[in-house]
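All chains should be modelled from the sequences, with the hints used to inform the complete structure.
Each chain, letter by letter, is given below.
2 protein chains.
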Amino acid sequence: MSETDLPEPEIDTTQLDADDRLKPEFVRAVLDAVDTGDAEAARALVEPLHPADIADLFELTPRDSRAALATAITDLLDGDVFAEMNDYVREDLIDALSATQVADIASELDTDDAVAIIEDMEPADQREVLRALDPDDRAAIEEALSYPEESAGRLMQRELIAVPEHWSVGDVLDYLRGHDELTTDFWEIFVVDPAHKPVGTVALSWVLRTPRSIAIADVMKREQTLIPVDMDQEEVALRFQKYALISAAVVDPGGRLVGMITVDDVVHIISEEAGEDILRLSGAGDGDINEPIALTVRTRVLWLVINLGTAMLAAAVVGLFETEIAKFALLAALMGIVSGMGGNAGTQTLAVVVRAIATNQLTSSNTVWMIVREFRIALANGMVLGVLIGLGTILFYHNVPLGIVFGLAILINNLVAGLSGVLIPVTLDRLDVDPAVSSAVFVTMMTDCLGFFTFLGLAALAGLGS
Amino acid sequence: MSETDLPEPEIDTTQLDADDRLKPEFVRAVLDAVDTGDAEAARALVEPLHPADIADLFELTPRDSRAALATAITDLLDGDVFAEMNDYVREDLIDALSATQVADIASELDTDDAVAIIEDMEPADQREVLRALDPDDRAAIEEALSYPEESAGRLMQRELIAVPEHWSVGDVLDYLRGHDELTTDFWEIFVVDPAHKPVGTVALSWVLRTPRSIAIADVMKREQTLIPVDMDQEEVALRFQKYALISAAVVDPGGRLVGMITVDDVVHIISEEAGEDILRLSGAGDGDINEPIALTVRTRVLWLVINLGTAMLAAAVVGLFETEIAKFALLAALMGIVSGMGGNAGTQTLAVVVRAIATNQLTSSNTVWMIVREFRIALANGMVLGVLIGLGTILFYHNVPLGIVFGLAILINNLVAGLSGVLIPVTLDRLDVDPAVSSAVFVTMMTDCLGFFTFLGLAALAGLGS
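These protein sequences, in sequence, are chains H and Z.
Quick note on numbering: the numbering used here labels position 331 of the first sequence as 331, and the sequence is numbered without any gaps.
Quick note on numbering: the numbering used here labels position 239 of the second sequence as 239, and the sequence is numbered without any gaps.
Keep in mind the hints are simulated off the structure, nothing from the lab.
One should not assume that every hint holds.
No copy labels: a pair is met if it fits in one copy or bridges any two.
[What the hints assert, rightly or not] Below 30 Å or equal to it, Euclidean Cα-Cα: the simulated DSSO-like pairs (lysine-lysine) are:
| id | residue 1 | residue 2 |
| --- | --- | --- |
| 1 | K197 | K23 |
| 2 | K221 | K23 |
| 3 | K197 | K327 |
| 4 | K197 | K221 |
Now the structure itself:
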């Protein structure tokens with residue numbers, strides 16, 4: 001990589017390759033040290049790593065060696081490491097720890113990270129950990145757990161800075177300097193009214209740039225994006241993206257400020273949610289490579305069985321034309337091209353539409369335009385491919401009717417693909433069904449069945465099988 | 001949506017639906033006002049919108065009405081709106097503006113946003129705009145343009161706060177308050193040595209929490225992630241994610257601080273890069289719905305033609321068995337199920353692997369483990385489906401040899417799918433070819449050709465065609 005000749009980040013990277021991934025040799029060195037029981041050596045190797053890299057180390061460590069690694073470097077295994085860790089890997093480790101140990105780790109963290117660690121535990125273990133926490137932490141975490149999963153309430157931290165409107169910049173500075181117990185993980189200050197409802201935000205840079213005497217109300221931004229506590233995290237992520245937010249106030253149904261979400265907690269979600277589509281479209285579920293294999297098999301087999309249904313339907317369509325095929329077996333070889341081309345074209349449209357829906361680019365304002373757009377694309381693609389394939393067939397097989405039937409079927413199936421590729425996901429979205437999960441089956445069904453039907457049907461009409 | 005009963009964000013949302021998208025009625029109202037030449041009404045409607053929503057409004061406006069809308073609300077069409085706008089939509093509008101107008105807009109913006117607007121212009125227009133800029137802006141933008149596209153150098157803004165190590169917190173406060181020309185868009189302060197090389201960062205919250213007398217060197221974080229100026233933006237996005245960065249220093253090959261990247265510029269990239277995979281896997285190119293239709297057709301047709309090649313190859317395989325098919329046409333109906341099931345299983349594996357590579361979860365440290373994992377999954381899936389389909393066939397067609405051949409072919413093709421689904425993208429990645437772009441073709445080729453070959457071949461061996 002070209003940046004290798006550039007100064008490496010100050011974060012110790014001798015363990016990292018140019019792409020910022022842990023080097024295999026390094027991982028092996030650590031695991032060898034652990035295997036030979038040389039905890040000191042392991043500690044020495046891992047010690048300089050950033051918590052995010054320690055988390056990666058655990059993910060790259062074979063499942064059955066993780067406990068040993070954890071014991072070897074216990075004191076390096078703090079809350080930040082757990083916060084960065086893949087859910088499944090973390091659950092494994094947590095199960096091996098005592099309730100008090102988990103409680104110690106959780107109490108180091110802001111509520112959002114503590115919740116992330118505790119929310120996936122068995123109810124019984126969860127209660128035990130909560131009991132082991134000090135009352136304040138417990139109250140905060142229990143409240144967070146009372147909100148639906150993947151909601152703003154789970155994502156937010158209660159640690160934030162809120163000041164009354166009538167304060168001056170000086171008051172704010174003195175308050176911040178005078179209270180060591182306050183969080184240091186904040187980028188904006190929220191200004192609240194006596195009912196604790198947010199009335200504005202001040203970026204820290206503004207506080208720093210403004211003389212002590214000025215009233216905070218005069219420097220605050222009144223236009224703010226408030227996040228309802230039960231908003232879905234995908235929605236939260238979209239707002240952070242759209243309005244380029246660094247942090248946002250979370251409000252309860254009464255409009256009172258109950259927490260804060262910072263962008264660093266959202267970037268993970270943005271990438272997860274964007275990546276989910278690709279996995280759902282393909283029926284790979286969450287596609288988490290650390291997921292227990294039995295769960296993965298279940299998810300994928302279910303999808304394959306559903307697709308088996310559509311494949312059998314397509315086979316039934318072919319079955320209708322067995323006599324033609326028996327008489328002219330070449331049809332069997334070529335029909336797959338018609339359905340295959342349609343399938344590919346359908347997937348292209350589907351991917352674009354699913355993505356556009358997920359990013360709020362495709363709304364009811366431009367649905368019709370989108371349908372027309374995809375139809376025109378399908379028509380153009382269909383003409384090009386239809387003529388190409390039709391002429392090719394005529395030249396190769398010296399069979400004009402076959403060429404016409406073949407080319408025509410390709411054109412028609414491209415239109416089928418283009419239209420179903422946009423109409424199916426849009427309809428599912430209107431019905432509040434996740435288009436990424438369920439569209440592909442229907443689109444393939446259309447392109448397979450109609451692909452076979454048009455080609456074999458036209459062939460029969462043209463008397464090709466006789 | 002459940003949040004409708006909650007207080008709406010203070011950002012005026014009467015034009016927005018529950019999902020924060022512009023309401024179709026609103027868009028129509030604005031366009032009607034524009035059509036009837038009532039610029040005042042249009043202005044009044046658009047005025048309360050956030051720049052990001054004004055940008056969306058242009059994206060939702062039919063191409064041929066955008067210029068008219070722009071003229072109607074010229075004074076609302078500031079740099080922030082352009083910065084939020086889709087590239088293609090922006091290019092359209094920019095083309096309609098004079099060089100001086102573009103220069104005025106660019107000069108309002110931080111370098112990174114100004115560059116985003118100027119970088120896609122025709123060289124000639126670009127030079128004109130640069131001439132119209134004042135010398136400082138021009139120098140900054142010309143320097144940015146000297147870096148490769150999609151690199152940190154294009155992404156960074158030169159406006160940042162850098163202070164010498166020996167300063168006290170008080171010095172910093174006085175400096176910030178004393179210089180109005182300084183940017184207010186910053187979240188961390190960079191501490192530099194006399195050679196202007198970064199030695200640490202201070203989060204603003206720390207500056208605020210610390211007494212004036214303390215030396216900045218005592219509160220700064222020495223461990224920092226430095227971004228080389230020529231680093232690819234995808235790499236930059238991954239670092240921001242991994243280390244939960246709010247802003248990061250960009251350094252030149254000499255290690256000197258030349259700019260800063262803030263997380264709000266990175267969130268867009270995180271979501272783009274994550275979404276790209278899905279589109280590339282399906283051969284839909286960038287999948288930008290605002291892309292000129294001719295470009296879209298070209299991209300997609302190219303992909304379809306490539307796939308036509310693999311489809312013809314598969315057809316040729318089927319052709320080898322025309323005699324068997326002619327004798328036993330049922331084979332033609334069923335062979336599609338074998339290739340289809342394999343194709344689906346291959347796509348599942350492919351999606352998971354491509355995603356894992358893109359997120360740095362799949363590295364050379366766990367490649368072997370991943371291959372084994374996918375093989376075990378494929379084996380399990382293959383057994384389940386093979387037995388299911390085999391028995392089903394025997395029961396339905398009362399043909400034991402057909403059932404065995406069918407089930408066996410399904411099992412084998414699942415293994416082919418699982419192995420090629422992981423081996424092909426991993427190999428392409430090693431060869432520095434984007435696995436998302438090129439894997440699908442090869443995987444489908446494997447599952448199609450080998451699917452047909454195993455099924456029809458076994459059928460021939462079993463003498464099913466006689």
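Taking each numbered hint in turn, which are not upheld by the structure, reported in ascending numerical order? 3
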